[in-house]
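2 protein chains.
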Amino acid sequence: MITFYDFASTVPGKTFNPNTWKTRYSLNYKQLPYKTEWVEFSEEIEKVCKKMGIPPTSKRPDGSGAYTLPAIYDDSTKTGVADSLLIAAYLDKTYPDTPKLLPAGTEALQTAFVDAFMSKFGSSWQLSIPLLLKLLLPSNVDFYVRTRSAALGKPLLDILPVGEEREAQWKSLKAGLSVVDAWYQKNGGGPFIMGNTPSFADFVVGGFFSFVKAGVQNVPEPEWKEVLEGDNGRWKKLGEALEKYEVMV
Amino acid sequence: MITFYDFASTVPGKTFNPNTWKTRYSLNYKQLPYKTEWVEFSEEIEKVCKKMGIPPTSKRPDGSGAYTLPAIYDDSTKTGVADSLLIAAYLDKTYPDTPKLLPAGTEALQTAFVDAFMSKFGSSWQLSIPLLLKLLLPSNVDFYVRTRSAALGKPLLDILPVGEEREAQWKSLKAGLSVVDAWYQKNGGGPFIMGNTPSFADFVVGGFFSFVKAGVQNVPEPEWKEVLEGDNGRWKKLGEALEKYEVMV
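Just so you know, the protein sequences line up as chains A and B, in that order. Counting from 1, one number per residue, gives the positions in the first sequence under UniProt numbering. Counting from 1, one number per residue, gives the positions in the second sequence under UniProt numbering.
If you are wondering where the hints come from, they were derived from the structure by calculation, not from laboratory data. A few of these clues could be false.
[To be verified] With a Cα cut of at most 27 Å, we get these calculated DSS-like pairs of lysine-lysine: (1) 100/B / 186/A; (2) 174/B / 59/A; (3) 59/B / 186/A; (4) 171/A / 120/B.
Taking the hints into account, I'd like the entire structure generated from these sequences.
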C-alpha cells in the first residue's frame, strides 16, 4: 500500500495544492491503491518526511535539507520519495504494468515541459497568494507567511501586487497561458499534450487549474474566471478530461 | 526537388546560423534530396521569400511582414515554408515515409522544448554577437548591425557585455545549459533527447553548438571552449552523434 502525503486544507474533502495534485493525478491514473495522510502546512512536513525516511528535495542556504510535499511512502518496497516528477519516475519503474506517466522516449521532453510551463508564470505567481491564504488551514497561515517572507527577504504581504503592477501581472499570466495553449494546439486535436492519452505534463497543467478552481470559491476575482475560461476553452476541456483522475482516496 | 535557403557565410562551404542549421539537420536526417541556395544576410532575404511565395514569420511594428530564414521551397508541391518548426511539421506531413522529426504524440512536447531551450539564454545571447560579426559576410555586417540596433532601440555594439555583466552572462549561460543537460540525463542514456533516436529538439540544441563551433574559429574566447566541453561531455557527445547529419548539399 502506498501512503500519499498531501496538504490539509479548508476545502472539505478536497486537496488544493498545485504540486500535490500532480501526484494525486499520477496515482489515480495508474489506479494504484493508496491512502492519503493529511499533513499540515507547518513543521509537520519535515517531521513526517524524516520519520518515513523521505529525502529532502533541496537545500536551505544553511546547508540543511528542505522538505516538501508531495511525498509518498511505498510499503511494498520500503521506499520514500518526494518531488512529483521523481515520484512519477519511481511509479513508472516500480509498477511497469500500469499506464506510463512518462511514456518511453518522452522522459526528458516531459522534464523540459515542466520547466517550460513553470517559466511562464514569472512574478505572476504572486497573484495566487490570496487564493493560497484562503485555502490553507487558518492555523497554518502564520507558518506560510513567516517561511515565505524569510525566503523572500521581505514580508510576503508587501509583495501582493496592486494597481498597474497587478494589471501587468494579469496580462503576463494570461499571455503565458496562451503560449502553453499554442503548444497544446500542436497535439493533433486531443485534450492532452500527447493527444488522447494523458501524461505527466497534463497533470502539471491540471494541478495549476485545480488549485485555481479550489481557490476562486473564496476569492472571486473576475480575472481568475477569465483564466479558467480562456484560450478558447482549452483549459475547461482539459479539466473535463482530467475529472476522472480527481478521485479523493 | 526542395530548395533550402540558407545564409552565406565566411566559413568556406559551411553554414553557420543556429536557426538554419535546424532545417539542414532536418533535411539530412530525412535524406530528402535538396539543393542549397545561399542568401545574403541583407534585403535579399525578403526579396527571395517574396519571389518564391514564402510567407513572413512575424510582423514588424508597422504591420508589414518580417521575413526570416530558414525557408524552403518544395517544387513537387509548389509550397514555400519558413520557420524551422513549421518546416519540420511540413516535411513530416508531406513525406510520411521518412523518419519523423516530431515523433507521433510528441509534437506539442517538442514545441514546448524549443521554448524551454531558448528561455535558458536570456540576455546571454549578447555573448554571441562577436561570433556572428565574424561569421557574416563582411558586406552583410552593416545590415545586421543596423537592423538589430533598430529593433533594440540603441546601437547593437553598445550592449556588448563587459566586466561584471559579462561574467554574469557567462555564468547564466553555463547554468542554463546545465539545466538542459539535466533534462537530457532523463533520456535513458542515449545521446539524444528521446534516447537513441534523434528528433527536432536535438537539432535545435545541435544548431546552437554548431554555430558556436563555427564562431570560435575566429573568436577564441576561452569561455566558449568551456561551454563546448562542459556538462561532462554531454554536448561533445551530442555533436558527435549529429555529425552524420551535417552533410552540406
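Self-check item: Hints the structure fails to honour
Solution: none
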